[in-house]
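There are 2 protein chains.
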Amino acid sequence: MIKHALSVTREGDFAQWYQTVISEADLAEESGVRGCMVIRPWGYGIWERMQRLLDDAIKATGHENCYFPLFIPLSYFEKEAEHVEGFAKEMAVVTHHRLVADGKGGLVPDPAAKLEEPLVVRPTSETVIGAAFSRWVQSWRDLPVLINQWANVVRWEMRTRMFLRTAEFLWQEGHTAHASAEEARDETLKMLEVYRDFAENAVALPVIAGEKPENERFPGAVATYSIEAMMQDGKALQAGTSHFLGTNFASAQNIRFQNAEGQLELANTTSWGVSTRMIGGLIMVHGDDDGLRVPPRVAPWQVVIVPMLRDNDDDGALVDYCKTLQQALGRESALGEPVRALLDLKAVKSTNKRWGWVKKGAPIVIEVGGRDMAAGNVSVIRRDRLYRADGKLDSVGTAKDEFVAGVGAMLADIQQSLFDEADARLKANITPADDWAEVEAHFADGNKTPGWLDVRWSRPTGNALDKVVERLKALKLTLRNAPMGQTHPEGQCIFTGEPCVERVLVGRAY
Amino acid sequence: MIKHALSVTREGDFAQWYQTVISEADLAEESGVRGCMVIRPWGYGIWERMQRLLDDAIKATGHENCYFPLFIPLSYFEKEAEHVEGFAKEMAVVTHHRLVADGKGGLVPDPAAKLEEPLVVRPTSETVIGAAFSRWVQSWRDLPVLINQWANVVRWEMRTRMFLRTAEFLWQEGHTAHASAEEARDETLKMLEVYRDFAENAVALPVIAGEKPENERFPGAVATYSIEAMMQDGKALQAGTSHFLGTNFASAQNIRFQNAEGQLELANTTSWGVSTRMIGGLIMVHGDDDGLRVPPRVAPWQVVIVPMLRDNDDDGALVDYCKTLQQALGRESALGEPVRALLDLKAVKSTNKRWGWVKKGAPIVIEVGGRDMAAGNVSVIRRDRLYRADGKLDSVGTAKDEFVAGVGAMLADIQQSLFDEADARLKANITPADDWAEVEAHFADGNKTPGWLDVRWSRPTGNALDKVVERLKALKLTLRNAPMGQTHPEGQCIFTGEPCVERVLVGRAY
Chain Y
31 MIKHALSVTR EGDFAQWYQT VISEADLAEE SGVRGCMVIR PWGYGIWERM QRLLDDAIKA
91 TGHENCYFPL FIPLSYFEKE AEHVEGFAKE MAVVTHHRLV ADGKGGLVPD PAAKLEEPLV
151 VRPTSETVIG AAFSRWVQSW RDLPVLINQW ANVVRWEMRT RMFLRTAEFL WQEGHTAHAS
211 AEEARDETLK MLEVYRDFAE NAVALPVIAG EKPENERFPG AVATYSIEAM MQDGKALQAG
271 TSHFLGTNFA SAQNIRFQNA EGQLELANTT SWGVSTRMIG GLIMVHGDDD GLRVPPRVAP
331 WQVVIVPMLR DNDDDGALVD YCKTLQQALG RESALGEPVR ALLDLKAVKS TNKRWGWVKK
391 GAPIVIEVGG RDMAAGNVSV IRRDRLYRAD GKLDSVGTAK DEFVAGVGAM LADIQQSLFD
451 EADARLKANI TPADDWAEVE AHFADGNKTP GWLDVRWSRP TGNALDKVVE RLKALKLTLR
511 NAPMGQTHPE GQCIFTGEPC VERVLVGRAY
Chain P
31 MIKHALSVTR EGDFAQWYQT VISEADLAEE SGVRGCMVIR PWGYGIWERM QRLLDDAIKA
91 TGHENCYFPL FIPLSYFEKE AEHVEGFAKE MAVVTHHRLV ADGKGGLVPD PAAKLEEPLV
151 VRPTSETVIG AAFSRWVQSW RDLPVLINQW ANVVRWEMRT RMFLRTAEFL WQEGHTAHAS
211 AEEARDETLK MLEVYRDFAE NAVALPVIAG EKPENERFPG AVATYSIEAM MQDGKALQAG
271 TSHFLGTNFA SAQNIRFQNA EGQLELANTT SWGVSTRMIG GLIMVHGDDD GLRVPPRVAP
331 WQVVIVPMLR DNDDDGALVD YCKTLQQALG RESALGEPVR ALLDLKAVKS TNKRWGWVKK
391 GAPIVIEVGG RDMAAGNVSV IRRDRLYRAD GKLDSVGTAK DEFVAGVGAM LADIQQSLFD
451 EADARLKANI TPADDWAEVE AHFADGNKTP GWLDVRWSRP TGNALDKVVE RLKALKLTLR
511 NAPMGQTHPE GQCIFTGEPC VERVLVGRAY
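Respectively, the protein sequence lines represent chains Y and P.
Add 30 to a position in the first sequence, counting from 1, and you land on the number used in my numbering.
Add 30 to a position in the second sequence, counting from 1, and you land on the number used in my numbering.
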């Protein structure tokens, strides 16, 4: 039996396993500030890789980056009723701009420095960006406005969980304004596709792109689309959303333009976001009982070289050998970029280093000892296939030059194998269900990883939808999304008995 | 006489000229939120270029990026008395985590959702990062800790000015912990040198690196170093700072380690930062009466191609010709990176486009009309030499292939010429002064651009320093820094009459 690197297994306690990976892979930690985490270098390095790749894709589709204020005056929110209703319960509010001594050796907000109008720490920026759009947009010639911002946002959640739901998180939020509803809808779907492509090809997270039901819409949106990823416990994670806002925000923020005929029209707007939550998804999709496995495209270091130093005179030659290897790797490319190789020379025992990098999930760990060097070899550990059939660590002695020549292909293969493994799991765990009884049976307590059900429904709204949501809630289920590109199915809605309109996915979720 | 593109000249009204450049170059605008600006795509694009180059330099010196919470509990600040004293007057304080209806159609902070301990929106992160260091550092093996974060910070300034002093601004803040004071001092100076190199070689801003006097130290620091740039009105702008914090923060935050001999010691820490203020410096050093001039290394677009479209059938061929040019430019490299060339196809009159890009300060603007195309030519405008001796726009017809082959050299030349121009101005405007009477005479009202004086002083402290600061204040002067690498000067302190210790720079400042 394999003795794994973590003290907890996915099967034993998935929630505890998740926290353990975050801690053992040095991704993040509690900060001491309620609901806020410290993102450590390995975790932040993954985020930087995600940023770089997603930012490139956002720019390639014609968007430019800007920066808008952290603080939003209360009055901006009051203009869009649904929007404020959706966020008011979780807003951090700045009320003072100075501290004074409390006379007891401590500090208190200075009553003489109370703000006339409280400022909200942005939970999302539609309102403040809409105000800018209303200044920028006068004529049809000013449209479309296509912008994006990378920023921190704050939502005061009562129950937090690292990466998945934190009071402060990092994200990008795209905001666009268009001359017509059709163009804005196209934009919404274009960015959904950018997200799907990014999730699948950069993060190796297979996802289902689709439209959220009415009750799951962004507050103030006409339509919300999402990409949904399946975690190894079968739960869904909404990993990115794209919203068609119609003229709701344009109307509240007065974004009007003169069309080619000289008439004044409201613009149609969109917004879309992906956050550090994606790292939570990466962990729960690719992690295993030895820690994290990072897909090469988002790995801060793709190859980590660990010299087996012995604190003797031979160490110098070994380090030189490893430096030559690192330089040779840096000249290779993998997945369209130069290979990122680290030589780990920290004062740590080399077997601890090996397991440290295994837990962190570096795609390839290279160990080099005196014998490897003498033979012109390196010992190669692939993180995606850590053990041999007999349960021993699969460390493969390979000629150094051969390894270097093949490193691009090997990294591409690891990227693909992580995707394939997750994709097979996703596909195997979406099950069609024909009636409500099947739903109840499927989500009975005995089924530990029920995944999602794919059901027909009539897309009810209002009260009828509320009833559906209530029934699902009793089984701890939610409506995820109605996948894009589906053909109109035949048959009846499993909830209402009415003719069905589309298929929708149902599952438990983070 | 040249009719310049801006309505205001530097000589006429420098402050108004600065605001006009920001507005006409589409760099930033007022946001409607007190003291906070919106950074528009061209301004943010310059910041992204600065980030990329500085981030590379920070990583090349062994630092890793992390992310720490936006909110800092009040109690963290109370631990370091000087630090909190320095920042308490300008802190934004979060006191509530929810809004409720006020019964009059508006919203108010919910009295039932008052935070037990108010949270400060970070003005700088020594305290919260120090708390993390105290968890991370146990043994000498854990040192040094070398980290950096890119973040927004908030300082509630009463008088704000775009880029120079805003309530919220963007920056990077590096924080390190070391086993010895010597190593921490070395780090402080190493990062000062990284900043000098970045300012001079990336932003083409010549600077004087030196140590700040005691009264200008960062609150809680043992020593503060800065790079000071000279604006075209002769005033100084502190463009980056590096602080040796000794054991002050380690003591307040309990950052202790077991040394190799098994004894417990306090770590020595440093911090250093560069912010969006650097963009204000760029404007005031490189801007002219036609708008901004962006040094090629930090220009989002280095070459902008403007086809002279005529809304007729020839336009297609002209656009194709320009696309070929854009592609050819993208294969060239300049200053170590691929050339960034934009083809501007917006629905705007081409002369307006030309002047738009001149005002934005794109290093090279290429205009292509039908006749240029027929001759295989392009018309080249270099932003650093816009006019000929006769006052006409200096647009040079050049064979397209010749322009492409020479673009790398031309961009390098523009980068250098902007630096040289600023460097000559800096050097010409630092004047030695031998006594206080010279200082008073030099800064008399008649001298519109007095620059800085270089004076001998005894580096007084405490009350003696306070007196010096008061005398300078009467002339609106401040002590800037004592330049690095100076040889010990002879003579007397011009303030105290005591034997002088070093030379220090004196000037007006932003």
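Don't read these hints as lab results, they were simulated from the structure.
Please note that the accuracy of each hint is not assured.
[As the list claims (entries may be wrong)] Just so you have them, the derived chain P footprint on chain Y, three or more residues with Cβ under 8 Å:
id, region
1, 83-96
2, 113-127
3, 159-172
4, 180-186
5, 233-241
Every residue, glycine too, gets a C-beta built ideally from N, C-alpha and C.
So, against the hints stated earlier in the document, which numbers end up violated here?
5
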